[in-house]
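Asks: As a plain string of letters, each chain reads:
Number of protein chains: 2
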Amino acid sequence: MLPASVIAEFETIVGTDGLIVERSQLQTYECDGLTAIRTVPSAVVLPRTAGQVQKIVRLCSLHTIPFVARGAGTGLSGGALPAAEGIVISFARMTSILSLDLPNQRITVQPGVINSHVTRHVSPYGYFYAPDPSSQSVCTIGGNVAENSGGAHCLKYGFTTTHVLGLEIVTPTGDLMHIGAPSLDAPGYDLTAVFVGSEGTLGVATAVTLRIVKKPEVVKVLLAAFDSITAAGQTVSDIIAASILPSAMEIMDRLSIVSAEAAVHPNYPQCEALLLVELDGPSIEAELQTQQVHDLCRANGAWEVRLAQSEHERMLIWKGRKAAFAAAGRLAPNYIVQDGVIPRTRLPEVLEEIGRMAQTVDLRVSNVFHAGDGNLHPIVLYDASIPGQEHIAVDLSLRILRLCVDLGGSITGEHGVGKEKQEAMGYMFSEPDLDTMQRVRCAFDPQNIANPDKLFPRPRLCGEKTGPYTPHPLEKAGVAEFF
Amino acid sequence: MLPASVIAEFETIVGTDGLIVERSQLQTYECDGLTAIRTVPSAVVLPRTAGQVQKIVRLCSLHTIPFVARGAGTGLSGGALPAAEGIVISFARMTSILSLDLPNQRITVQPGVINSHVTRHVSPYGYFYAPDPSSQSVCTIGGNVAENSGGAHCLKYGFTTTHVLGLEIVTPTGDLMHIGAPSLDAPGYDLTAVFVGSEGTLGVATAVTLRIVKKPEVVKVLLAAFDSITAAGQTVSDIIAASILPSAMEIMDRLSIVSAEAAVHPNYPQCEALLLVELDGPSIEAELQTQQVHDLCRANGAWEVRLAQSEHERMLIWKGRKAAFAAAGRLAPNYIVQDGVIPRTRLPEVLEEIGRMAQTVDLRVSNVFHAGDGNLHPIVLYDASIPGQEHIAVDLSLRILRLCVDLGGSITGEHGVGKEKQEAMGYMFSEPDLDTMQRVRCAFDPQNIANPDKLFPRPRLCGEKTGPYTPHPLEKAGVAEFF
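Keeping their order, the protein sequence lines are chains A and B. Residue numbers 1 to 483, in the UniProt record's numbering, belong to the letters of the first sequence in order. Residue numbers 1 to 483, in the UniProt record's numbering, belong to the letters of the second sequence in order.
The set of hints was computed from the structure by calculation and includes no laboratory data. Keep in mind that a hint or two might mislead.
The list treats identical chains as one, so a pair stands whether inside a single copy or across any two.
Think about it this way: if two alpha-carbon atoms lie no more than 25 Å apart in a straight line, the pair counts; the simulated BS3-like pairs of lysine-lysine are [unchecked claim]:
1. Lys-156 <-> Lys-214
2. Lys-156 <-> Lys-319
3. Lys-156 <-> Lys-215
Just chain A, same shape as in the assembly:
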């Protein structure tokens, strides 16, 4: 609980209608998309301006109050989970488009703006905003920045970090900073790149300048049905080797095809592996590449290759893919969506191993895969009403992550580390790696109040000595060979 005097100061900053302190109302903010962990915050403040955010953060710094920024709360790794003694800074009232600069193809928005609203705003001028997480109709740009969100089209267009040109941020010590620059190669350190994906641990964005992209002349979507994941995976490699860069390449396995079909009836062919390829660009180029992809699918044994004949068919194909997570609910009462990265070429062996691991503990795992960039989403199906099964499912999902790392991949492709994967960071990074990151964190946040106890396996005290190299006793003898 915060002292009444501090609450009163928050109220002075944001007004009575911008402050939530009632327990029943605070419960709305107890978790994000990772519902397994819940903590009710001490207060929620809803600023309207960057100036108010700065005052809020300064007050937090003055009284050492932890804070976490929150957009739509759709994150899947607990990044927006509050601290019990801390506050939530909600961006629900900072939803304005601040400026649009068409000649330079950029737009500046407040962090509470919804992802798909950016595209809606620039669409009349022939532009779109490229990163498209599945939650794009709900999630906010601020949250996308925190998590460096991806989406099916990041294969061609890149993650959020590729599209953030500049940021206005409030640092955890209450400074208002402008990072990024009008030019592509700004002098000094590239702090924009560090801030994007820092999961709220380096401060709070109050304005974001985004790159917008010209809408392609045409968009083509192909579906191909294969008898094996190996054949579908080989086709993906062949497409890339042919210098074709589709805007998206997705693979779904039989279980995810079945559940998508049951949920939204996308009329997918029933097969072992479905490959979905989207191509966009100038008509003349897309037509040619569509034919090439068609031929590569056939050459790898696809027994059906279907080109969407209308916008309706195209949307239906995507609807099935995007429904894959929710549709898992039809296969089992509960499920965990995991998010790992593997080298693209190792997909068949990874899926085989996941199948083996699942069988050993008598669970089922369905798989959807951003095949172009190696981002795998295994969906671990289970029934929480069976005693002990949830624990087994969590354990399996973590072992799948270790498998990804062991094969040269990563513990998260796009969902972030947050609260969920803190411990896994220790498996992926060495001590010096994590230590350097933590020291960067301390450079921004010496008090450890910006979304604390996230991202890293253990908090690091910023006062800890970061002095020069301390030699081993043998070195002190001056024997360089023993270094």
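Since the structure of chain A is already known, use the hints to place chain B on it.
Replies: Just chain B now, with coordinates in the frame of chain A:
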């Protein structure tokens, strides 16, 4: 001077043939491409392995010896300038290609590998390395990483930072770290992006994993002659608005055309503004876009539009452009190549203002311009034998930089800050901006020994308090409105 015992330890690490301490030999290392400032280092060490680099840096940390890494010494901002009491770590003996991974389109090299050798190595397989600074036949990948080097083709392909997938580095405290990851969105902070372009202030790279790109099917080069810079600039805007992304777009003004012609006879049309557009990609697409660019040039009043008819013609056109700096030597005994960035759309007014400023001090300035990304290279011509003229030229070149910043641009597009533009950083960034960058620096380099006294206007002591927000006395009274 370093104590004999320390010199002996360096010798133990790199061997007699890997150590330079003779004054006459050390003079080779007294400056890089910025020849105006010279300092002879105390020693030069030439390691062969990452392990040796680590031992060298640990020794430096132990004795608080400043160090700077050096590739080919072609940098233009004094980034490789040594400290008198410090050492140079030369990468002249770390020039190996470590591994090539074609399916994943990546290559890992030692930092001493020359830029163009990367392309030479992967060319037989149909790939190339995209960043192409003018010095690419000499400069090294390590230097490119330090400066985030660009080149004419960065408009389409991006700067060095876009192409560095991972790094092995030795931190200034002597830790060997691996940053970057196999996936595009690695968890944790994006330290790769911070390291690239950090100009040697965060440590030394010992291995670099680069992205390689498939060679385009065809490359087309168009030359267009205009009667005004405004018309050429408008054409550039029109090309981009038409969703065409050329691999390069360059503008040269009359003075630079004249000097290039005199130097290498590229047979340029004599005009006020020459626009050079290179298009690459699949044949079918490049043909179409070449026609579109041709039409846009004509629509903006180009009185000659010439398409290179052979590889020879294409190389000749580029030879003229790439010779622009050296050719300035034909116009005046001395010259300063400046490097600023402006919003693309403001080119005509900037060039007009530069002309006015030059006239006022009775000097001439020729201009070449990476027009697509707004990177301007004014070449200030002068005669150092005329008393006072060098000073006037330097002053003019700095005032041009201020002009770039005032118009919303930047103090450097691709040459870096180094020693040359330390003071200009204070004009471009606010105190909190610089302070945050310096704290990031301290996170890596608490002793301030990694290329010290570069990049920032004044060194910051890493021990300086970086505590929480300290309120103004009025705030202490709890009056939030006075924040």
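Asks: None of the hints should be skipped; say for each whether it holds.
Replies: Against the structure, the hints:
1. Within a single copy, Lys-156 and Lys-214 get their C-alpha atoms as close as 14 Å, and across copies as close as 15 Å, so both meet the 25 Å cut-off.
2. In this assembly of identical chains, the alpha carbons of Lys-156 and Lys-319 lie at most 25 Å apart only when taken from the same copy (20 Å versus 33 Å across copies).
3. Taking the closest pair of Cα atoms, Lys-156 and Lys-215 come within 25 Å of each other both inside a single copy (13 Å) and across two copies (17 Å).
Of the numbered hints stated above, none is contradicted by the structure.
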